[in-house]
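Visitor: If you want the building blocks of each chain, they are given just below.
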Amino acid sequence: MALLQISEPEDSAPARRHRSAVGIDLGTTNSLVATVRNGIAVVLNDGDGHALLPSIVRYLPDGRVETGYQAEAVQARDPKNTIVSVKRFMGRGLKDVTNFENSPYDFLDTPGMVRIRTVAGVKSPVEISAEILDVLRARAEQALIGDADGDLAGAVITVPAYFDDAQRQATKDAGKLAGLNVLRLLNEPTAAAIAYGLENDSEGIYAVYDLGGGTFDISILKLSRGVFEVMATNGDAALGGDDFDHRLFCWMVEQAKLAPLSAEDTRLLLMKSRAAKEFITTHAEAHISATLGSGETVDVTVTQKQFWDMTRHLVAKTLGPAKKALRDAALDVSGIKGVVMVGGATRMPHVQQAVAELFRQAPLTNLDPDKVVALGAAIQADVLAGNKTSGDDWLLLDVIPLSLGIETMGGLAEKVIPRNSTIPVARAQEFTTFKDGQSAMSLHVVQGERELVSDCRSLARFELRGIPPMVAGAARIRVTFQVDADGLLSVSARESTSGVETSVAVKPSYGLTDEQITHMLRDSFDHAREDVHLRALREQQVEGGRMLEATESALREDADLLSAGELAAIRAEAEALRKTLSCTDHRAIRSAIERLNRATETFAGRRMDRSVKGALTGRHIENIRT
Amino acid sequence: MTHNPNQTHFELFGLPARFKVDVAKLETRYHELQREVHPDRFAAAPQAEQRLSIQLATQVNEAYQALKSPVARAHYLLQLHGVDPQFETNTAMPPDFLDEQLELRESLEAAAQAGDSARLEVLSVRLRGERDALLARVEGQLDERSDWTQAAGTLRQLMFLEKFREEIGAAEERLES
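Taken in order, these protein sequences are the chains called U and B.
Heads up, the first sequence is in our numbering, so the first residue is 1 and it goes up one at a time.
Heads up, the second sequence is in our numbering, so the first residue is 627 and it goes up one at a time.
Source of the hints: derived by calculation from the structure; they are not laboratory data.
Just so it is clear, the structure is predicted and the values come from calculations on it, not from any experiment.
Errors might be hidden in some of the hints.
[Claimed, not checked] Cross-link-like lysine-lysine pairs, in silico, DSSO-like; alpha carbons within 30 Å at most:
(1) B:K694 / U:K415
(2) U:K317 / U:K222
(3) U:K323 / U:K337
(4) B:K651 / U:K613
(5) B:K651 / U:K222
Make a model of the complete structure from these sequences and hints.
Guide: This is how it looks when you write it as structure tokens:
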């Protein structure tokens with residue numbers, strides 16, 4: 001007991017080192033990184049003062065990689081190897097990729113996720129995204145040198161709320177591949193709501209309308225006394241500013257009666273279309289001129305009115321999901337206090353007008369639609385990293401956007417967890433065998449709202465084997481779906497009647513195993529110079545340090561829940577871990593961490609019970625402890 | 627709560643096991659509980675606590691879902707009293723209720739075919755009225771008379787209306803797209 005420090009009841013949380021964490025908005029068009037400094041969320045700029053990093057990656061024959069503005073500048077010269085809007089390919093097969101016939105890329109229709117053949121080899125969208133994240137990680141580490149704690153504890157990466165499980169898993173994998181400790185995947189509109197709500201001390205029900213470069217989300221949130229509760233979300237994971245560019249591009253090709261274009265010319269005219277779209281936001285018309293590879297010149301003028309007319313159907317496509325979200329939240333527009341606009345594409349006046357008409361109020365456009373997501377993610381990252389201060393005592397309750405289900409007889413999807421369920425959530429369903437003596441059962445996990453399995457997204461197939469022989473209908477196979485706080489699903493199945501239990505946990509088929517990620521890390525050119533062993537060692541040391549600090553903190557608060565023997569056992573494992581931290585064997589550290597984890601399991605349970613009882617009585621633990 | 631799987635959702639929320647609940651209090655308790663157990667509070671905690679946190683937050687969400695919606699709450703109360711409402715097998719309904727349901731469904735079909743969203747809205751309003759009346763009835767059966775069999779009958783009717791409400795929603799959705 002002599003080792004214990006017991007704080008006075010009034011003495012609030014012991015001083016903790018500030019841990020640096022970042023929020024990353026991994027966007028279709030642009031990406032950003034932000035952090036919280038001295039209590040204020042700030043976007044981190046690159047050396048030239050740019051906040052935005054164009055989400056563009058170029059592969060060169062010698063294996064070098066160019067990103068951001070550097071890649072953007074040459075994209076029309078090397079379109080095959082310069083990947084733009086890679087977010088549209090995350091977790092997607094070739095058949096899901098719209099307009100791919102207009103893409104210059106050499107796609108490979110590989111199972112699970114499409115891949116792209118480049119001059120530097122075949123690249124998956126996960127690897128390409130990791131290049132972008134890698135640049136942002138380096139930017140953050142550079143900026144954090146000189147801060148109290150130069151280490152990057154972790155990152156929150158944002159995803160469109162309407163991303164399905166495959167797209168989320170791919171994003172998380174990209175984070176890991178870029179060497180980031182991914183603290184959480186956060187939905188983009190929710191991140192924006194945090195930044196907006198905390199900034200303005202908002203209370204009430206808000207809608208967040210988020211039209212980005214390639215994705216559209218609408219979320220309805222209830223803000224009350226520091227709780228951000230998502231009531232419903234909807235959207236279109238393949239609709240964004242890109243589609244407006246593309247529409248203008250097609251119109252231009254028609255107007256100028258252009259012959260089929262080369263990949264270079266296509267990219268050039270798409271860039272011109274984007275620039276014209278942006279110009280036309282504040283001007284009556286835009287002039288587009290370009291010289292094609294053949295020497296032919298294009299000269300077209302487009303008026304604001306023409307542009308709005310040709311893209312009106314795209315704006316209209318956002319209104320259906322908005323109405324669905326309202327219906328799911330059991331609200332009509334009169335219940336919405338404000339509409340927060342997020343994403344660069346919401347700068348277009350006809351978008352703002354359509355939103356104003358639907359919600360019968362002018363949308364809130366007083367924040368930078370490009371930055372608000374990254375800022376919200378940074379605020380969340382700061383809290384998750386353990387930098388709690390009295391001012392940020394808020395809580396986030398988010399939902400899954402799409403129903404999760406399982407295939408039943410006749411190719412029908414049986415919903416197990418409905419959309420808009422608050423996460424984390426778990427649901428179990430029982431199934432049985434349909435043949436005598438059936439010893440295996442195959443399970444097909446799907447996501448989506450449609451009745452037919454073929455209209456839903458296939459997430460995983462797996463087999464439960466070793467079912468003891470029984471007559472048809474006698475076996476009881478319990479399939480459990482668990483969705484964690486990142487919105488990621490795991491499924492397990494168990495046969496229990498006979499006492500024989502088989503259980504299997506699946507990771508959806510498109511996901512990468514940790515070994516694959518390690519392998520990719522080893523192979524990737526960028527990391528080749530780093531010693532893989534050193535990296536692993538450093539990771540375990542950070543993790544071990546984190547674990548020790550968390551244990552110390554738990555003991556300071558609740559050591560009275562332990563008997564002298566239990567306390568001594570935890571102390572001993574903590575001491576053992578502390579000693580291994582200075583050694584050079586990452587496996588030894590890993591196993592010490594695991595031993596300490598096991599030693600604290602019962603303690604964790606009791607602490608949790610105490611917290612819950614505290615919440616029920618509405619009193620703080622410190623005050624009821626004597 | 628981790629060591630007591632027999633605890634009811636009502637006990638978890640510190641509320642009496644009755645159909646009539648203080649909705650504001652239910653929500654406040656929900657937020658208080660999630661503030662304590664939500665995984666975001668344990669991102670920097672030892673793994674054992676992180677795992678527990680997911681379990682408990684899941685349990686709190688499940689309990690909240692079961693208590694928040696009146697229909698789910700009535701169902702849960704019946705379960706606590708060992709009564710199975712037999713939604714799948716028991717289709718016996720009062721004849722006048724069935725007649726009315728038939729009529730409602732015909733109106734829905736006609737409105738959907740005509741693409742008449744105003745008539746769909748009228749149907750929604752009428753449905754809400756009927757639902758409120760049934761909820762008042764089930765409250766008396768559960769809280770005052772403890773008549774589980776009668777309550778199960780009312781709940782089956784409520785489930786009928788829930789399905790109808792979903793159908794109206796689906797029809798509205800088709801009109802919008």
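Visitor: Next step is simple, just say for each hint if it's right about the structure.
Guide: Comparing the hints with the structure gives:
1. B:K694 / U:K415: holds (21 Å)
2. U:K317 / U:K222: Holds, at roughly 25 Å.
3. U:K323 / U:K337: holds (16 Å)
4. B:K651 / U:K613: holds (16 Å)
5. B:K651 / U:K222: Measuring from Cα to Cα gives roughly 16 Å; hence the hint holds.
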